[in-house]
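Peer 1: If you want the building blocks of each chain, they are given just below.
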Amino acid sequence: MLRGLLLRLGILLASLAAASLVIFWITQALPGDVARVMLGDGASPAQLAAKRAELGTDRPFFVQYGAWVAGLLHADFGTSWYSTLPVTSLIAPRAAVTAWLVGGGLTVAVAVAVPLGAVAALRRRRLTGFVVSAGAQVGMAIPAFWAGILLSMLFAVQLRWLPANGYVPPGRDLLGWAQHLVLPVIALGLVQAAVLIRYVRSSFLDVLGEDYYRTARSIGWTRGAALWRHGLRNAALSLVTVIGLQVSALIVGAIVIERVFVLPGIGSLLLDSVSQFDLAIVRGVVMILATVVLVVNGLVDMAYVVIDPRLRHQERA
Amino acid sequence: MKRRELRVGIVLVGLIVAMALVSFVWTPFSPTAVNSTLPLQPPGWPHVLGSDHMGIDTLSRIMVGARSALYVGVIAVGLAAVVGVPLGVASASLPRWAAEVVLRITDITYAFPALLLAILLAGALGASTETAMVAIGIASVPQFLRIARAGAMSVLASDFVLAAKASGTTRLRIAVLHVLPNIAPLIGVQVSVSFALAILAEAALSYLGLGTPSTVPSWGRMLGDAQTYLFTQPAQAIWPGLSIALTVLGFNLVGDGLRDVLDPQLREVA
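Chains as they are written, first to last, in numbering that gives the first Met the number 0: chain A, 0 to 316; chain B, 0 to 269.
What the hints contain is simulated information worked out from the structure, not anything from laboratory work.
It is possible that some hints are incorrect.
[Stated by the list, open to error] To give an idea of the interface, some chain A residues facing chain B are shown, with a C-beta separation under 8 Å as derived from the structure: (1) Gly9; (2) Leu11; (3) Ser14; (4) Ile22; (5) Ile25; (6) Gln136; (7) Val137; (8) Ala140; (9) Ile141; (10) Arg159; (11) Trp220; (12) Val261; (13) Leu269; (14) Ala289.
Note that CB positions come from ideal geometry on N, CA and C, so glycine has one too.
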């Protein structure tokens, strides 16, 4: 087992290294001469040289990359091109907002999807099962940002129960914080729930076809008891995998939802930095988001090695 | 029930495609002429869906917007299939360790979902329809690669491929004559599902102002504009969202429907 875990850890580290190289190449080499892009064609050679020295682009690519990675290992994301502030100081206060949003969205998604997915599996030949499945199909087609706009249309514009946008830190005003986060979290969570319902449904259906479920039923267990004991555990296993895969969807969804509700998270920071051509911030934020996705998926892989001995040597399909 | 899914999906996709085609020759009003009517009209006559903040007929913009959505979808999914399928088929006949390397490299793209890659590229190269299409396309390559690889491996294990090999058929001919036709249905399902995802990603990018430029009507940007005027004319935030949702629903239903029609074949490999 230790060998399997170390292998997965090695793969994770290699993926992180590769991702960092891709991100750095796209933001440092792909735009061409960044100094010229920033200063325009009117800049004199001396100005260009000074700018290149300031940005460090006069050095060889791999020297620049090495310096960036060495900084990353100390949580130093470099200096903003636009404001010349340390990127870390810009990211840190905003990370909490995004974390609340993604965490809340995931919680809503699981809380909605597990019961509804179970209902869809158990009542699959009845109207309720059909309605849940059809609802999930429709939910998957709704863009999270449109769900956000519709929710704020109803609860902020029409009913005036909740604020349409903005953010208050929980330390300052707990109620206000919750009020500002309710709609974004629901918008993000519900759309994600639609995707999860289908997985929960199919993993419950798999259990219904298993021998151990039939045995439990035949020795007199009620359907509910058999499913509680066997169904939920098996569904939980595949749910963990799916959540691993869904983390990227949640993060991407959060970037857009932050824009819909004007939340000051790292998604907003990313989008603002793109429009200011501040690639130092862009690469820092994208590196953080890619790291979260890769680490979560790596942990899911490792959890599987621990939980399921059959998977220790199997290729992940 | 399952055939009904497919039928509903085909009807929805057909409607959107028809709307996009009709918009080339006819729209009720000009989709771009500013102030052809009063701004922010409610739905009514002659502006069936109302008008936007620039006084442009909303129905006309929705119709032309279908073109942007389908255009991005076709190019992005086409790119993903053209790159992913041959790589997948080729990797099926690679030795185990080499195939593992290919798969691990494509795994890295999991860290870059379409939208994140598109934002990253827009930051480096500037936002444009082309950047968006390329980003969505690249992010969709791994799905095609995996599906094609799984399908090709099961075909390569079959007796008729063995017979073809025994009679001296080259690897390339086997791939083109035997593998591709047999995995085509699988690819068809993936095309449909990827199309739905591509349209969602394009809509989000245009909403963020990083996709289709503001001069070309697109559903995502229409939603962004409508949000600004949510208090004055909320109806404008309905139509573009509904168009996106129905298009995505259509492609998802076609994908699911196809998968179910092909089920016995798919269960083995997917």
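Peer 1: For every hint, state whether the structure bears it out.
Peer 2: Here is what the structure says about each hint:
1. Because the smallest distance between the Cβ of A/Gly9 and any Cβ of chain B comes to about 11 Å, over 8 Å, the interface hint for this residue is violated.
2. Among the interface hints, the one on A/Leu11 is violated; its C-beta lies about 10 Å from the nearest C-beta in chain B, farther than the 8 Å criterion.
3. About 5 Å separates the beta-carbon of A/Ser14 from the nearest beta-carbon of chain B, less than 8 Å, and the hint is met.
4. About 7 Å separates the beta-carbon of A/Ile22 from the nearest beta-carbon of chain B, less than 8 Å, and the hint is met.
5. Taken as an interface hint, A/Ile25 checks out: its beta carbon lies about 5 Å from the nearest beta carbon of chain B, inside 8 Å.
6. Restraint check, A/Gln136 versus chain B: the minimum CB separation of about 7 Å is within 8 Å; hint holds.
7. The restraint placing A/Val137 at the interface with chain B holds, with a minimum CB-CB distance near 6 Å, inside the 8 Å limit.
8. Contact between A/Ala140 and chain B, as hinted, is supported at the beta carbon level, the nearest pair being about 4 Å apart and thus within 8 Å.
9. Hint status for A/Ile141 relative to chain B: holds, with the closest Cβ pair at about 5 Å, below 8 Å.
10. Taking 8 Å as the C-beta cut-off, the interface hint given for A/Arg159 is violated, the closest approach to chain B being about 11 Å.
11. For A/Trp220, the interface hint is violated, since its Cβ never comes within 8 Å of a Cβ in chain B; the closest pair sits about 29 Å apart.
12. With 8 Å as the threshold, the beta carbon of A/Val261 stays out of range of chain B, its nearest partner Cβ sitting at about 10 Å, so the hint is violated.
13. Checking A/Leu269 against chain B by beta carbon gives a least distance of about 6 Å; that is within 8 Å, so the hint holds.
14. Restraint check, A/Ala289 versus chain B: the minimum CB separation of about 4 Å is within 8 Å; hint holds.
In this structure, the earlier hints numbered 1, 2, 10, 11 and 12 are contradicted, and the remaining ones agree with it.
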